[in-house]
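I would like the entire structure built from these sequences, with the hints used as guidance.
Protein chains in written order, with our numbering: chain A, 182 to 296; chain B, 70 to 181.
The set of hints was computed from the structure by calculation and includes no laboratory data. Don't take each hint at face value.
Simulated DEER-style distance windows between Cβ atoms [said to hold, decoys possible]:
| # | chain 1 | residue 1 | chain 2 | residue 2 | range |
| --- | --- | --- | --- | --- | --- |
| 1 | A | Gly184 | B | Lys150 | 29 to 39 Å |
| 2 | A | Thr282 | B | Ser134 | 35 to 45 Å |
| 3 | B | Leu120 | A | Glu233 | 48 to 58 Å |
| 4 | B | Pro162 | A | Ser247 | 19 to 29 Å |
| 5 | A | Glu244 | B | Asp137 | 33 to 43 Å |
| 6 | A | Pro220 | B | Gly97 | 26 to 36 Å |
| 7 | B | Met149 | A | Pro251 | 42 to 52 Å |
| 8 | B | Lys150 | A | Pro220 | 17 to 27 Å |
To give an idea of the interface, some chain B residues facing chain A are shown, with a C-beta separation under 8 Å as derived from the structure [to be verified]:
| # | residue |
| --- | --- |
| 9 | Lys168 |
| 10 | Ile170 |
| 11 | Thr173 |
Here are the computed lysine to any residue pairs in the SDA-like style, where the Cα-Cα straight-line distance is at most 25 Å [said to hold, decoys possible]:
| # | chain 1 | residue 1 | chain 2 | residue 2 |
| --- | --- | --- | --- | --- |
| 12 | A | Lys225 | B | Ser96 |
| 13 | A | Lys225 | B | Pro162 |
| 14 | A | Lys243 | B | Tyr167 |
| 15 | A | Lys225 | B | Ser72 |
| 16 | A | Lys225 | B | Glu78 |
| 17 | B | Lys150 | A | Glu222 |
| 18 | A | Lys225 | A | Asn188 |
| 19 | A | Lys225 | B | Gly110 |
| 20 | A | Lys208 | B | Leu115 |
| 21 | A | Lys243 | B | Thr173 |
| 22 | A | Lys225 | A | Val264 |
| 23 | B | Lys150 | A | Arg292 |
| 24 | B | Lys178 | A | Asn188 |
No residue lacks a Cβ here, since even glycine has one placed at the ideal position from N, Cα and C.
Listed here are the chains, written in short residue letters.
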Amino acid sequence: NAGVMQNPRHLVRRRGQEARLRCSPMKGHSHVYWYRQLPEEGLKFMVYLQKENIIDESGMPKERFSAEFPKEGPSILRIQQVVRGDSAAYFCASSQGHSNTGELFFGEGSRLTVL
Amino acid sequence: GQSLEQPSEVTAVEGAIVQINCTYQTSGFYGLSWYQQHDGGAPTFLSYNGLDGLEETGRFSSFLSRSDSYGYLLLQELQMKDSASYFCAVRDPSSGTYKYIFGTGTRLKVLA
Numbered sequence: 182n183a184g185v186m187q188n189p190r191h192l193v194r195r196r197g198q199e200a201r202l203r204c205s206p207m208k209g210h211s212h213v214y215w216y217r218q219l220p221e222e223g224l225k226f227m228v229y230l231q232k233e234n235i236i237d238e239s240g241m242p243k244e245r246f247s248a249e250f251p252k253e254g255p256s257i258l259r260i261q262q263v264v265r266g267d268s269a270a271y272f273c274a275s276s277q278g279h280s281n282t283g284e285l286f287f288g289e290g291s292r293l294t295v296l
Numbered sequence: 070g071q072s073l074e075q076p077s078e079v080t081a082v083e084g085a086i087v088q089i090n091c092t093y094q095t096s097g098f099y100g101l102s103w104y105q106q107h108d109g110g111a112p113t114f115l116s117y118n119g120l121d122g123l124e125e126t127g128r129f130s131s132f133l134s135r136s137d138s139y140g141y142l143l144l145q146e147l148q149m150k151d152s153a154s155y156f157c158a159v160r161d162p163s164s165g166t167y168k169y170i171f172g173t174g175t176r177l178k179v180l181a
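What follows is the structure, given as structure tokens:
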């Protein structure tokens, strides 16, 4: 049973380009979370999605960032016109629902470097 | 909203016992979780406390006191492989969406 799959693992973009990060949740999981992590720092909440719905995007910048979780296919975190400050690790996590055990399953992350 | 505070760094020697504290300020509460993250790796779930008291899982134990808004992770018989960052996390009911919020993280260094 595959875990949470993220790709690409590493992505290099120049300023002004677009970055697309993909996340396939664990089988049977319908809740997806995206977090951003800078080196030596914590996990900052960005967005929480269920299939075809954005539940909470309060942690996501209003401009240049968008996320989706379509009925079919992976969840996508899209960053337009990237800037150097977007360089970070972006982690996706999934859960079956409102987990009674507080457990999220994380992917290995996508590390974005903006030149 | 929610905020969770942890010490930034803790150092201990192999074989010792170490406690990592987490204090939280919340407008509601639905349990405290702990995660471990090795450098360059993914966070992995360690434990969950929904009620007050101690939960034990092998060398790791986690404690919660809801009246004190406080919890801790206890690591016994430390091994070098325990060197990692540890995060506490809660679900945030204040927004109505119950998203998971993580603490600032504690970097544990285990010395030989």
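Results for each hint:
Separated by about 20 Å at the C-beta atoms, Gly184 of chain A and Lys150 of chain B break the suggested range of 29 to 39 Å. At roughly 19 Å, the beta carbons of Thr282 of chain A and Ser134 of chain B sit outside the given window of 35 to 45 Å. Distance hint check: the CB atoms of Leu120 of chain B and Glu233 of chain A are about 35 Å apart, inconsistent with the given range 48 to 58 Å. Take Pro162 of chain B and Ser247 of chain A: their Cβ atoms lie about 26 Å apart, and the range 19 to 29 Å holds.
At about 41 Å, the beta-carbon gap between Glu244 of chain A and Asp137 of chain B stays in the expected band of 33 to 43 Å. For the pair Pro220 of chain A and Gly97 of chain B, the beta carbons lie near 32 Å from each other, so the given range of 26 to 36 Å is met. About 44 Å separates the C-beta atoms of Met149 of chain B and Pro251 of chain A, a value consistent with the hinted range of 42 to 52 Å. In this structure, Lys150 of chain B and Pro220 of chain A meet the distance hint of 17 to 27 Å, their C-beta atoms being roughly 21 Å apart.
Residue-level restraint check for Lys168 of chain B holds (minimum Cβ-Cβ distance to chain A is 5 Å; threshold 8 Å). Taken as an interface hint, Ile170 of chain B checks out: its beta carbon lies about 6 Å from the nearest beta carbon of chain A, inside 8 Å. Because the beta carbon of Thr173 of chain B sits about 5 Å from the nearest beta carbon in chain A, less than 8 Å, this interface hint is met. Under the criterion of a C-alpha separation no larger than 25 Å, the hint pairing Lys225 of chain A with Ser96 of chain B is consistent with the structure, at around 19 Å.
Note on Lys225 of chain A and Pro162 of chain B: the hinted pairing holds, with a Cα-Cα distance of about 17 Å set against a maximum of 25 Å. Of the pairs offered as hints, the one joining Lys243 of chain A and Tyr167 of chain B holds, with about 21 Å between alpha carbons and a cut-off of 25 Å not exceeded. With a C-alpha separation of about 12 Å, the suggested pairing of Lys225 of chain A with Ser72 of chain B holds against the 25 Å cut-off. For the hint pairing Lys225 of chain A with Glu78 of chain B, the CA-to-CA distance comes to about 19 Å; that is within 25 Å, so the pair holds.
As the CA atoms of Lys150 of chain B and Glu222 of chain A are separated by approximately 20 Å, the hinted pair is consistent with the 25 Å bound. At roughly 19 Å between alpha-carbon atoms, Lys225 of chain A and Asn188 of chain A fall within 25 Å of each other, so this suggested pair holds. For the hint linking Lys225 of chain A to Gly110 of chain B, the alpha-carbon distance of about 16 Å falls within 25 Å, and the restraint holds. Taken as a hint, the Lys208 of chain A and Leu115 of chain B pair is honoured in the structure, with Cα atoms around 21 Å apart against an allowance of 25 Å.
Distance check on the hinted pair: Lys243 of chain A and Thr173 of chain B sit about 24 Å apart at the alpha-carbon level, within 25 Å; holds. Restraint check for Lys225 of chain A and Val264 of chain A: the C-alpha separation of about 18 Å stays at or below 25 Å, so the hint holds. As the CA atoms of Lys150 of chain B and Arg292 of chain A are separated by approximately 24 Å, the hinted pair is consistent with the 25 Å bound. Note on Lys178 of chain B and Asn188 of chain A: the hinted pairing is violated, with a Cα-Cα distance of about 30 Å set against a maximum of 25 Å.
Consistency note: the structure conflicts with the earlier hints numbered 1, 2, 3, 24.
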